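A.B. asks: Residue-level listing of the chains:
Number of protein chains: 4
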Amino acid sequence: MNEHNLNARLEALSDGVFAIAMTLLVIELKAPDPESIHSVADFWASLLHALPIAGSFLLSFTIIFITWVNHHALIRSVPRTSAPFLFANGFLLLTIAFIPFPTALLGEFILTDHAAPAVVLYNAVLAAQAVAWILITQCALRSGLARDDDAQNTLRTSRNNGYGAFVLYSLLSIIAVWFPTAVAILTTATWIVWLVKSLRAKHT
Amino acid sequence: MNEHNLNARLEALSDGVFAIAMTLLVIELKAPDPESIHSVADFWASLLHALPIAGSFLLSFTIIFITWVNHHALIRSVPRTSAPFLFANGFLLLTIAFIPFPTALLGEFILTDHAAPAVVLYNAVLAAQAVAWILITQCALRSGLARDDDAQNTLRTSRNNGYGAFVLYSLLSIIAVWFPTAVAILTTATWIVWLVKSLRAKHT
Amino acid sequence: MNEHNLNARLEALSDGVFAIAMTLLVIELKAPDPESIHSVADFWASLLHALPIAGSFLLSFTIIFITWVNHHALIRSVPRTSAPFLFANGFLLLTIAFIPFPTALLGEFILTDHAAPAVVLYNAVLAAQAVAWILITQCALRSGLARDDDAQNTLRTSRNNGYGAFVLYSLLSIIAVWFPTAVAILTTATWIVWLVKSLRAKHT
Amino acid sequence: MNEHNLNARLEALSDGVFAIAMTLLVIELKAPDPESIHSVADFWASLLHALPIAGSFLLSFTIIFITWVNHHALIRSVPRTSAPFLFANGFLLLTIAFIPFPTALLGEFILTDHAAPAVVLYNAVLAAQAVAWILITQCALRSGLARDDDAQNTLRTSRNNGYGAFVLYSLLSIIAVWFPTAVAILTTATWIVWLVKSLRAKHT
Numbered sequence: 028m029n030e031h032n033l034n035a036r037l038e039a040l041s042d043g044v045f046a047i048a049m050t051l052l053v054i055e056l057k058a059p060d061p062e063s064i065h066s067v068a069d070f071w072a073s074l075l076h077a078l079p080i081a082g083s084f085l086l087s088f089t090i091i092f093i094t095w096v097n098h099h100a101l102i103r104s105v106p107r108t109s110a111p112f113l114f115a116n117g118f119l120l121l122t123i124a125f126i127p128f129p130t131a132l133l134g135e136f137i138l139t140d141h142a143a144p145a146v147v148l149y150n151a152v153l154a155a156q157a158v159a160w161i162l163i164t165q166c167a168l169r170s171g172l173a174r175d176d177d178a179q180n181t182l183r184t185s186r187n188n189g190y191g192a193f194v195l196y197s198l199l200s201i202i203a204v205w206f207p208t209a210v211a212i213l214t215t216a217t218w219i220v221w222l223v224k225s226l227r228a229k230h231t
Numbered sequence: 028m029n030e031h032n033l034n035a036r037l038e039a040l041s042d043g044v045f046a047i048a049m050t051l052l053v054i055e056l057k058a059p060d061p062e063s064i065h066s067v068a069d070f071w072a073s074l075l076h077a078l079p080i081a082g083s084f085l086l087s088f089t090i091i092f093i094t095w096v097n098h099h100a101l102i103r104s105v106p107r108t109s110a111p112f113l114f115a116n117g118f119l120l121l122t123i124a125f126i127p128f129p130t131a132l133l134g135e136f137i138l139t140d141h142a143a144p145a146v147v148l149y150n151a152v153l154a155a156q157a158v159a160w161i162l163i164t165q166c167a168l169r170s171g172l173a174r175d176d177d178a179q180n181t182l183r184t185s186r187n188n189g190y191g192a193f194v195l196y197s198l199l200s201i202i203a204v205w206f207p208t209a210v211a212i213l214t215t216a217t218w219i220v221w222l223v224k225s226l227r228a229k230h231t
Numbered sequence: 028m029n030e031h032n033l034n035a036r037l038e039a040l041s042d043g044v045f046a047i048a049m050t051l052l053v054i055e056l057k058a059p060d061p062e063s064i065h066s067v068a069d070f071w072a073s074l075l076h077a078l079p080i081a082g083s084f085l086l087s088f089t090i091i092f093i094t095w096v097n098h099h100a101l102i103r104s105v106p107r108t109s110a111p112f113l114f115a116n117g118f119l120l121l122t123i124a125f126i127p128f129p130t131a132l133l134g135e136f137i138l139t140d141h142a143a144p145a146v147v148l149y150n151a152v153l154a155a156q157a158v159a160w161i162l163i164t165q166c167a168l169r170s171g172l173a174r175d176d177d178a179q180n181t182l183r184t185s186r187n188n189g190y191g192a193f194v195l196y197s198l199l200s201i202i203a204v205w206f207p208t209a210v211a212i213l214t215t216a217t218w219i220v221w222l223v224k225s226l227r228a229k230h231t
Numbered sequence: 028m029n030e031h032n033l034n035a036r037l038e039a040l041s042d043g044v045f046a047i048a049m050t051l052l053v054i055e056l057k058a059p060d061p062e063s064i065h066s067v068a069d070f071w072a073s074l075l076h077a078l079p080i081a082g083s084f085l086l087s088f089t090i091i092f093i094t095w096v097n098h099h100a101l102i103r104s105v106p107r108t109s110a111p112f113l114f115a116n117g118f119l120l121l122t123i124a125f126i127p128f129p130t131a132l133l134g135e136f137i138l139t140d141h142a143a144p145a146v147v148l149y150n151a152v153l154a155a156q157a158v159a160w161i162l163i164t165q166c167a168l169r170s171g172l173a174r175d176d177d178a179q180n181t182l183r184t185s186r187n188n189g190y191g192a193f194v195l196y197s198l199l200s201i202i203a204v205w206f207p208t209a210v211a212i213l214t215t216a217t218w219i220v221w222l223v224k225s226l227r228a229k230h231t
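Chains as they are written, first to last, in the numbering used here: chain A, 28 to 231; chain B, 28 to 231; chain C, 28 to 231; chain D, 28 to 231.
Derived from the structure by calculation, the hints contain no laboratory data. Values in this document were obtained by computation on a predicted structure and should not be read as measured data. Just so you know, not all the hints are guaranteed correct.
Heads up, the list lumps identical chains together, so a pair's fine if it works in one copy or across two of them.
Taking lysine to any residue and the SDA-like style, the derived pairs with C-alpha atoms no more than 20 Å apart in a straight line are [stated by the list, open to error]:
(1) Lys224 to Leu195
(2) Lys224 to Pro111
(3) Lys57 to Leu85
(4) Lys57 to Ala143
(5) Lys224 to Gly189
(6) Lys224 to Ala100
(7) Lys224 to Phe118
(8) Lys57 to Ala151
(9) Lys57 to His141
(10) Lys224 to Leu101
(11) Lys57 to Ile137
(12) Lys224 to Arg186
(13) Lys57 to Thr122
Next comes chain A alone, as it looks inside the complex (with noise of 0.2 Å):
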C-alpha cells in the first residue's frame, strides 16, 4: 500500500490545524463595545489595554509558526508511516489546537497581580508540546521509519531537542508559580532564541 499517501493525509491535516489555529489567535482580540467609548482618547486607551493581549497573539504565533516549520522538516525525512507514528501527530496537533486557551489567559491576565496560573498553563503546554515532540521522533525511530541515516540523525538530535524542551519548559511552569512576570519573559526569550536559530538553519 501507499504509506506516502497517509503522511501526506497527515500533512494536510496537520497544515490545516496549524493554519487555524495560527488564525483563531486573534478572535481574543475583541473589538471593544462603541457605547463605552466616548472620543478618540477612550479608543487610544481601549486600544492601549489590548496591547497584552495583542503580544500573547504575537509569541503564540511566533511558535505555531516555528513549530510548523520543524513539523515539516520532520514528516519529509519519514516517507513510512505507523499506527503509533499518526496518533503522535495527533497528540502533537492536539496541543497545537490548544494553545489559543492559554494564550487567551496569558493575554489578559500578565499585567495583574495574579497572573501566575496563565504563565503555568501556557509553559506546561509547552512542556505538552514538547512530550508529543519526543512521542513522534521516538516512534519513528523505534519503528524505523526514517528515510536514511541521514534522517535517522536529525530524529535524534530532533528527539533530544524534546527532552530539552521538556525539562526547560515544566521547570519554567512551576517556577511560574512565585514568579509569573520573569517566566513569561523567559518564555518570550527562549522563542526568540529559537527564531534566530531558525532564520540562520538551511532549508536548501
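Please arrange chains B, C and D on chain A, whose structure you already have, making use of the hints.
C.D. replies: Quick look at chains B, C and D alone, frame taken from chain A:
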C-alpha cells in the same frame, strides 16, 4: 473522466472540515472575565471549574481524530466515486461539523444534576455518525467502487462496525435519559478501546 | 506558464473557504447559560428552542455542500485560467463566506412574526451566488478556457441554470417581504430538489 | 533535498490562513438579539446599522483575495526556498491573520466621530503587509531563489510595488489621525484600483 481527482478534492474538503472541527472545539474554553477574578486562588478555581469542558474537548478531539484516521483508510481503498458516495461523505462531514455543539453541552452540564439532555444528544450524534459510516460503505459496496477484493472485505468489516456502533450509541443515547453520568463514562470508555485498537492496527 | 497550477491553488483556497463556512455555521448553536437551566425539563426546552437554528444550519450546510460539488465539477472542466475567471471565483467565495450571517438571522427569527428581513436577505445571498455562477461560467466561455466541446456544453448548461437560479431567488427574495414563512419553505424545497437531482447525477 | 516540496507545504499553510481569515471576517456580523427586535422595522434598522461592518468585511475580503492572487503568482516564480524566505512568508501570514481585528474596529467605528484610531490601525496593518512583501521579494532576490530572469524581473517589480505600498499606507495611517473618513475612502479607492489592475493582468 478522472475519478481519482474527485476523491482527491473530497479528501481536501474533508481534511478541512476535520481540522476546523478539531480546532473550533477549543473556542468553548473561554478565559474568565478578569473583573471576576480577584486573587490567584480565584483564578485556579475558575480553571478547575473549566476542567469538564477541557475533558469534553479532549474526548471530542480524540473521536474526530480517530474518525479521520478511519476515513482516510476508507477513501484510500475507494479509487472510484459516485454521487451517492459523495453525499454520504457529505453527511459524515455534517456530523463532524456538528460535534462542537454537543461537546459544549457535555462540558457545561455533565457535573450538574440535569446532564441527561447533553449526554443523550452527544450519543445521538455518534449514532448519526455511525449511520453516515454505514451509508458510505454501503454506497461504495453497491456501486462496486472498491479497488479490489481486499478493499471490498475492508469495506464490509467497516460497514459491520458501523451497524455495531449504531446499535451501541443508540442504546447509550436512550439509557442516558436515566443514567447520564454512567453513560458519559461508558461512551468515553468505548473510545479508549477504539484508540487502543487503532494504535495496534497496522498502517503499513 | 503552468495554468493548471493556478486552478489547483484556486481549488485549495476554495476547499478551505467551503470547509470553514460549513463548520463555522455551528458556532451559532450556543450552549445555554448553565445558570438559566434549573431542571432537565428546562434543558430540553432550551434545546427545542434551538431547533430552528439547527434547521437553518442544516439548510446552509446542504447548500454549501451542493455548491461545492458543482464547483468541483466546473473547475474540473476548465484547465486554463484568466484573471476575470479567478476574480469571478473570488466573488463566489465571498457569497459562501457570507452565508453564516443570513443563516444565523434565519435561525433566530424564522419563528417570530418579523422574520421577513431574514428571509429576504437569505434569498438575496442565494441570488448573488447565482450571479457569481453566471460570471464564472461566462468568463470561462468567453475566454475559451473549457477543456473541450463537452466541457463547453456543460458550462453553457451551468450558466443557464445560473440565470434560472438568479430569477428564482430574486423573486423569492421580493415575495419574502410579505410571505416570509412560505418563502422559507419554498427555498428549502428548491434545495431538496437540487439534492435529489445531484444524487441522481453521474459522477463517473 | 526536495525544495519544491517545502514551498508546496508553504502554499498549503498559506491557503489555509488566507481562507480562514477571509471566512472569519463574517463572525463580526452578529445576528441582533431577538429580544431587542420588536417589529420588522426594528429588524431592518438593525441590518442597516450593520452596513458599515458589512462594508469593511467586503473591503478586507477583497484585500485578502488580491493578496492571495499576488502571493500565488510570487510563489510560482520561486521554486527554491530558504529559512529567511520561509519566515518572511510567516510574517505575511501574520498580517493576514491579524486583519479581522482592524476590520472589526473599522466597521464598528467608521461612522462615529472618533473613528481615527481604527483607520490609523487599518492602514498601519496594510503598511506592515507591504513590509512583509518587501522582505519576501528581497529574500528571494538575495538568495537567488527565482526560477529565471523573467521571474527575477517580476520579483523586482513586486518589491518596488512593496516600497510604494509601504510609503502610501504609512502616510495614510498618519493622515488618518486628522481625517479618518477621507483616508478610509482613499484606502478603499486604492484597492479598487488594485482590483481593476489585477482583473486586467494576464494569468495565462
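A.B. asks: Tell me, in ascending order, the numbers of any earlier hints that this structure violates.
C.D. replies: Failing hints: none at all.
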